[in-house]
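Student: The listed protein sequences correspond, in order, to chains A and B. Under numbering that gives the first Met the number 0, think of the first position of the first sequence as 0, with each following residue one higher. Under numbering that gives the first Met the number 0, think of the first position of the second sequence as 0, with each following residue one higher.
Among these hints, one or two may not hold up.
[Stated by the list, open to error] Below 16 Å or equal to it, Euclidean Cα-Cα: the simulated EDC-like pairs (lysine to aspartate or glutamate) are:
#, chain 1, residue 1, chain 2, residue 2
1, B, Lys122, B, Glu136
2, B, Lys169, A, Glu128
3, B, Lys122, B, Glu107
4, A, Lys124, A, Glu135
5, B, Lys169, B, Glu78
6, B, Lys169, A, Glu135
7, B, Lys169, A, Asp136
8, B, Lys122, B, Asp134
9, B, Lys122, B, Glu132
10, A, Lys124, A, Asp138
11, B, Lys169, A, Asp138
12, A, Lys124, A, Asp136
[Stated by the list, open to error] Among chain B residues calculated to face chain A with C-beta under 8 Å, some are:
#, residue
13, Phe36
14, Ala42
15, Ala45
16, Ile148
17, Leu166
These aren't lab readings, by the way, just hints derived from the structure by calculation. Every residue, glycine too, gets a C-beta built ideally from N, C-alpha and C.
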Amino acid sequence: MALIPYPDPGTIDEANRAAIDHFASEHGRPTLLRIMLSYSSPAQQAMDALYHPVAESGVLPRPLKELLFAAASHARQCAYCMGGHSLFLVSEFGYDQSAVEAMRSGQEAAGFSEADRRLVTLVRKAAAEPSAVTAEDLDAARHLGWSNAEIIEALAMACHAGWTNTFAQGLRLEDDLTAPEFAAYFLSTLPARNVGARSGPPACIGGATVLAFAVRRRPQ
Amino acid sequence: MPLMSPLPRDSVPAETAALLAAHADEHGHFAALREAFAYFPAALRALDNQYDLIIGQGRLDRGLRELVFACAASARGDEYLARAMAAQAAAHGFTGTGAVLAMAASGEGRSDAETCLLTWARKMATTPYKVVERDIERLHTAGWRDQEIVEALTVVSLSAYMSVMSLTLKLA
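When you get a sec, could you build the whole thing from the sequences and use the hints?
Tutor: Laid out in structure tokens, this is it:
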């Protein structure tokens, strides 16, 4: 279990419940991070506007940004965040699991360009050891065509990983890709049509992809 | 020397310029960090929003939240943000920026309970993956409740968000 008990589902207020259920309806699986954030309504509210507006705006393609987040989380050794966003790349964007695992590690993989890989390398370094990033690192990204605006957009994903990795690791959140015992927290207010209505693996358990990511959740 | 120059003033879109000005009027600190985020306005908006919520609201005393932030930044070697937030903590009930910076650097609070919280915050800032049950037990023994611990961790998490950018770009 996490180092702090999750809030009693019966005591979670409407706003926090809505945030939890919204994630479950969007992704078809639970989010233990959002449940734990119910202890702090301001932080829960902040998270609502933290990820999606940033991930869905800008000029970088959404799959690349998801990959950057997974790579940053991999570099920081956060299994919780890395697993969820790697799964998202496979189930929602159709990437091959082995390609995602390679790219998030900064290795070559089909479907990703050399320029993508350079950005991944920069973001991994910024996430794990930001003080070690040099002017040469930024120049290398620029040399492959990335503008300052695109570099900042990419670094924003490392920033976000810094946030969620710290929270998930600091409380030792369980892997919510394979945590059916938390079902009581989810989907209580959703219409039946939303339950399991998604492409990719159903709900939070059972799919081979889900289990594979769960088993391999520690960085190689 | 920062690794990236801010956007030239005349190329900042009007909406982004308004965002920058709004917060500058309000508190004015960590301006260089916000100017870096201005390259990507969606992230600047997200930064301002979460800062206002996580630092501006909550159960813990505001000055203590800012001290926790400064402590986390200091632990990472981010003197830029440690100084910015120490000044804020001083403005919200602590005695002088220098004294707050010393507390942030040493992890020594005004009471045993604060020292316990700051010691834990430093660990969460640098090696959160090393957390153990005993860390939480110590906080409980010192009187901190689960809600307060989670809230303090969201402050450390916010500081991580900001330090990744400030340390990467070598802001000062």
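Student: Each of the hints needs a verdict: does it hold here or not?
Tutor: Each hint, compared with the structure:
{"no.": "1", "hint": "B:Lys122 - B:Glu136", "result": "holds (15 Å)"}
{"no.": "2", "hint": "B:Lys169 - A:Glu128", "result": "holds (12 Å)"}
{"no.": "3", "hint": "B:Lys122 - B:Glu107", "result": "holds (14 Å)"}
{"no.": "4", "hint": "A:Lys124 - A:Glu135", "result": "holds (13 Å)"}
{"no.": "5", "hint": "B:Lys169 - B:Glu78", "result": "holds (10 Å)"}
{"no.": "6", "hint": "B:Lys169 - A:Glu135", "result": "holds (13 Å)"}
{"no.": "7", "hint": "B:Lys169 - A:Asp136", "result": "holds (13 Å)"}
{"no.": "8", "hint": "B:Lys122 - B:Asp134", "result": "holds (9 Å)"}
{"no.": "9", "hint": "B:Lys122 - B:Glu132", "result": "holds (13 Å)"}
{"no.": "10", "hint": "A:Lys124 - A:Asp138", "result": "holds (14 Å)"}
{"no.": "11", "hint": "B:Lys169 - A:Asp138", "result": "holds (15 Å)"}
{"no.": "12", "hint": "A:Lys124 - A:Asp136", "result": "holds (9 Å)"}
{"no.": "13", "hint": "Phe36", "result": "holds (7 Å)"}
{"no.": "14", "hint": "Ala42", "result": "holds (4 Å)"}
{"no.": "15", "hint": "Ala45", "result": "holds (5 Å)"}
{"no.": "16", "hint": "Ile148", "result": "holds (6 Å)"}
{"no.": "17", "hint": "Leu166", "result": "holds (4 Å)"}
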